[in-house]
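Same order as they appear, the protein sequences are chains A and B.
If you're matching positions, the first sequence starts at 222 in the working numbering and goes up one per residue.
If you're matching positions, the second sequence starts at 981 in the working numbering and goes up one per residue.
It is possible that part of the hints are untrue.
[To be verified] Only part of the chain B face toward chain A is listed, based on derived beta-carbon distances under 7 angstroms:
(1) R1035
(2) V1038
(3) I1063
(4) F1260
(5) I1263
Hint data in this document are derived by calculation from the structure and do not stem from the laboratory.
Positions of the beta carbon are idealized from the N, C-alpha and C atoms, including for glycine.
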Amino acid sequence: MDTIMDNTPQTEETPAEFAVAPPHKTRPGFLPIDTNTFDRCFISVVCFVAIHLLWMRFIESFIPLVMATVISLVLAVIIVRWG
Amino acid sequence: MKSNRLGWGFLSPTLIILAITGFLPFLYVVYIGFFDWNIFAAQKGLVYTGANNYRRLVFDADFLRSLWYTIKFTFWAVSSELILGFALAQLLTKDFPGKTFFRIIHALPLMIAPIAVGALWRLLVIPGFGPIWYVLEEWFGIEYRIGASTSQAFITTVLMDIWHWTPFVTLTMLAGLTSVPKDPVESAMVDGANQWQVYRYITIPMMMPIILTTVFIRIMDALRIVDEVYMLTGGGPGDATRYIGLHIFRVVFPKTDYGYGSATSLLTLYFTIVFCWLLFVAISTSQKNS
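Start from the sequences and build out the full structure, keeping to the hints where you can.
Written out as structure tokens, the structure reads:
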């Protein structure tokens, strides 16, 4: 039986000690960029702070700050789940 | 499992040092940001105030003005450095007499400490003594007083930053220009593209990750400028050059308002991180597209 010679260069297998961790998986959502879990958490925190600052500056004299916290948390859940 | 343990073992010294020198002080600043703490206040020690420091901050005209001055300063300084740095890098890719000498001389400002740069520029522009003052006043008849004119003080701080940091931009751009492969450029020339088209459609798109990284580093540096400006103008005249770093310095040290200073620092950090993250997204998108 003829054997087919394989001329492709053999590479040494990477030792487990030096294996590179797989990159975080990104996925598309309603946000304009593909994001991974860390990105979505980060965007949620950024929105959380921005909403609170804007609320304190413009709205707090009419509606208490607790409402900003509630809105921010709801938004955070939406971003992490569907963003 | 073994590789995980080994990896964490190698990483642990760095992580411990980072936690002690970076993360714990950061958490402490976050904590202090929710307290009123002024060593000259009637009530000594920490007094819990909730979000009051942040509430005070969003209505603080001085802080908002400082933020606006910093954004203006960053825009003018970084955009000028980018244009000048790219032009100088382009010049350094050509051969001309004295090129090596110029290359060494133009990188010298990078080696000077920022506080010394401020002192040097103060000596250059000081009325009645500085050579820049002398040339502008005696040769061109321009009344040049950075202690009196807000616009002149602002322009001088921008020029000082350009003088200090353009060599850095030049060096990174030069590294980028020398790493651009020659084949696409030569192919475009053979196909009849002129010099401008080669730049517009080949060189600049290929250098975009390097350009964005340089801008990223420079913006972070410009947003936290303190010592050079402190030495040159001290934030004046009035508060025309009181950039955000200097504003925090004034709140924390002479006024000893530590709680409010912590809140100001955190908000500045927030703006810097958001700005840098937006740039990071731009870099990633450009790399993906290229």
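Taking the hints in turn, this is what the structure says about them:
no. : hint  : result
1   : R1035 : 5 angstroms, holds
2   : V1038 : 4 angstroms, holds
3   : I1063 : 29 angstroms, violated
4   : F1260 : 10 angstroms, violated
5   : I1263 : 12 angstroms, violated
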